[in-house]
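Please build the complex by placing chain B on the supplied structure of chain A, with the hints as guidance.
Chains A and B supply the protein sequences, listed in that same order. To convert, count from 1 in the first sequence and add 39; that's the working numbering. To convert, count from 1 in the second sequence and add 39; that's the working numbering.
Because the hints were derived from the structure by calculation, they are not lab data. Mixed in with the good hints there might be a few duds.
Derived, one-sided and incomplete: chain B residues facing chain A with beta-carbon distance under 8 Å [said to hold, decoys possible]:
(1) Asp-288
(2) Leu-370
(3) Ser-373
A short list of chain A residues far from chain B (calculated; beta carbon distances all over 10 Å) [claimed, not checked]:
(4) Arg-122
(5) Arg-285
(6) His-296
(7) Arg-310
(8) Ala-352
Stretches of chain B that chain A covers, calculated by requiring three or more beta carbons in the stretch to come under 8 Å of a beta carbon on chain A [said to hold, decoys possible]:
(9) 294-302
(10) 378-390
Note that the Cβ used here is the ideal one computed from N, Cα and C, for glycine as well.
Protein chains: 2
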Amino acid sequence: MEHHVTRAAEAAAPTSSPMLRQTNLSLVLRHLRDHVSRSRADIAEATGLHRATVSNLVAELLERRLVRETGIEHVGAIGRPRRSVALHGAHVGALGLEINVDYISVHGSDLSGRVLVERRVGFDTMASGPDRSLRRLSRVAREAVEAMKRAGAVPAGLGVAVPGLVDVARGVVTFAPNLDWHDLPLAARLSTALGLSVPVMVDNDANLAALAEHTAGVAAGTPHLVYLTGEVGVGGGIIIDGKLLRGADGFSGEVGHLPVDPGGARCGCGRHGCWETKVGLAALVRMAMPEQPYQPVTDPEERATEIARGLAAGDRRMLAAVAEVGRWLGLGGSIVANLFNPRVIVVGGYFATLAEWLLPHAQAELERLVVAGPAAQCRFTASNFGFGAASRGAASMVINRLIDHPTTIMDPIPRLAAY
Amino acid sequence: MEHHVTRAAEAAAPTSSPMLRQTNLSLVLRHLRDHVSRSRADIAEATGLHRATVSNLVAELLERRLVRETGIEHVGAIGRPRRSVALHGAHVGALGLEINVDYISVHGSDLSGRVLVERRVGFDTMASGPDRSLRRLSRVAREAVEAMKRAGAVPAGLGVAVPGLVDVARGVVTFAPNLDWHDLPLAARLSTALGLSVPVMVDNDANLAALAEHTAGVAAGTPHLVYLTGEVGVGGGIIIDGKLLRGADGFSGEVGHLPVDPGGARCGCGRHGCWETKVGLAALVRMAMPEQPYQPVTDPEERATEIARGLAAGDRRMLAAVAEVGRWLGLGGSIVANLFNPRVIVVGGYFATLAEWLLPHAQAELERLVVAGPAAQCRFTASNFGFGAASRGAASMVINRLIDHPTTIMDPIPRLAAY
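So that you can see chain A by itself, here it is in the shape it has in the complex:
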């Protein structure tokens, strides 16, 4: 924060540097990312840069095709017409991947967020082990890179979402219980396997899904928002004042193993009564379809669809099971609401598939348990990204990084222009 103050202030001073140029280009791009289409005057006002500086920066960004002219806006009846620009970069690709319990998901876009590739392939990650999983992930990534190149966009960065604890700075998956991965240097290994010279970033799936929701989801722009994954495991991503909460080590938002029932069933993690044992898909399947012999659940989406069919047909046992899970979802939601006071809790995965049956129970329980009561105005809402929120968020993470370091997508040697 202080950092930006310094750079922007120097922008108007006589001194200049490649770093300053990078910062100012980034200020302009960031403003356009957050505001769709803006005039140069708007940008100058919002960033605190001089009008002339903004014109120079925009000229260079236009030349590099990172922004485009969007036409003429008339401001007020007698205002002068202003030419607006918007984020472009159709040749700059951002590739997002997610590897989860039973699938690998891909979301490729250009710098402006235009979708180029979207794909999901079934894959049994835990059974495959880390080495085979990495090979499969690399192949899917390579195919996506080729598809994006055919669409005219060369990936300038790659993001991967993983359901587990991630050391974000090193790109290492510390522990992903539902994949059985421990201390896996995913960024380094994927980078080597792909032979790409672009940055590879790794983060938790719920964090990235929260980023996707905040960027373009059902509650986009809501400054205080929590995202809950609804898979075999349950994770949380927290947006506070429009920013992803990471905490001291990047381990924030670990909602799955909240101890909600000290006398409850044993969880996969070895503890008892974790929230995941109440609201994870396995818990629902156990209650809704007790005749199903197979555990663990390896096909969450199919199973959720099957339960949705049963619910639509009025299956009483399924309705009771969903009511029970819904109440536990509301209890966990009340914990989240009491601690973070978000305006919206966006639920994804199977929670979203079954939202029409699940959320009324969850909302009622949330309102009963949250201390501030109705004053907290917190509502559950279903994501409409299906199981694709995390890979979409992984691509958003890449775009954000490119916008923070624009010279990496401009030219290899920063020009020492007088910004």
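This is chain B only, laid out in the frame that chain A set:
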């Protein structure tokens, strides 16, 4: 944030305004608040303001006695000597108050944080009702104002800490269960009663205690820190990236009524198995001193001291009770750690009084339950502010506000100097 970028950037531009002057003065004061003693060159570098601008601002702040010269620093062996300045304002007072279940606490300081008044008076708030409580609070405040004036500092703002949900923007206590206050317009009523023309601000006690800890406590400066009050009620204040988390409505950090045991005892709030029923002082007293007939607990500090004496003497029943409460403290701490990933959980009130017996159990349970395990590196530590953290934080809140609006403590009509 963008806001600051704008202002600081304009500082170097030819335009000027009273608002800009305010912002630049504030930049300098904020830097000095966070860094004790700094040279003009340091300030220029950190704020992005021009050297000449900083010299002008510092000259004005010196003239107004809001900063003072602290002597000469030699930077390196051959560096030029630099004259440093520090926050001063010995004539500008900040008054912090806390009203809780059985006491009113006062902390008066000057702008630089030097303590001028510290006092606590016993008072049975719930039995007294809002009107009598307000009269008593006003009297205590008036006495503190007089004492501060005698010490040469006229209070320029007043902060009040309350154990409950506070609508911070309006200064209204929405709901304080342990005081039995509902929708009480505390700021307006106290302001009227005192007849002072300075701002009166109200916030939750745990939030303000967290602020005090982050400003000057045992873990001062730790960017990710959680504070837990240990009184009849239990509240939480959350610091993320050095800033107080408020959430969408200011209702964040409500840890006392986390549902930790669905089959547990009925809580004062009407729900069952709230965390407060496990770790609030009443729970400990019930287990440690079951022969005591009186409930509710109206004298937390005396009771905690009594239990500490018993523990020191090796009272077995008390030791068992403290172990049980310690485990529940660790369980709640694990919820906080899983969601926020703080580096430190500072405990206050009776938790701090009994820390030597309580925290080993709490720490062990935290480490057992937190998902990231030892990697999360979260430790419990006892506050050394006793029961005075919240009133100290209330004074810090006032100081922060004065530093954000420095012209209110400088002169009634902002001078249009060329900053």
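Hint check results:
With a cut of 8 Å, the hint placing Asp-288/B at the interface with chain A holds, because the nearest CB-to-CB distance is about 6 Å. The beta carbon of Leu-370/B comes within 6 Å of a beta carbon in chain A, closer than 8 Å, and the hint placing it at the interface holds. Checking Ser-373/B against chain A: minimum C-beta separation of about 7 Å stays under 8 Å; hint holds. Every CB of chain B lies more than 10 Å from the CB of Arg-122/A, the least distance being 22 Å, so the non-interface label holds.
Distance check for Arg-285/A against chain B: the nearest CB is about 7 Å away, which does not clear 10 Å, and the non-interface claim fails. Residue-level check failed: His-296/A sits 5 Å from the nearest beta carbon of chain B, not beyond 10 Å. The beta carbon of Arg-310/A is not kept farther than 10 Å from every beta carbon of chain B, the shortest such distance being approximately 6 Å. Under the 10 Å C-beta cut-off, the non-interface status given to Ala-352/A relative to chain B holds; the minimum distance is some 31 Å.
For the segment 294-302 of chain B, the stated coverage by chain A holds: 9 residues have a C-beta nearer than 8 Å to a C-beta of that chain, and at least 3 were required. Coverage of a stretch by a chain is defined here by at least three residues with a beta carbon nearer than 8 Å to that chain's beta carbons; for the segment 378-390 of chain B and chain A the count is 5, and the condition holds.
Of the numbered hints stated above, those contradicted by the structure are hints 5, 6 and 7, listed in ascending order.
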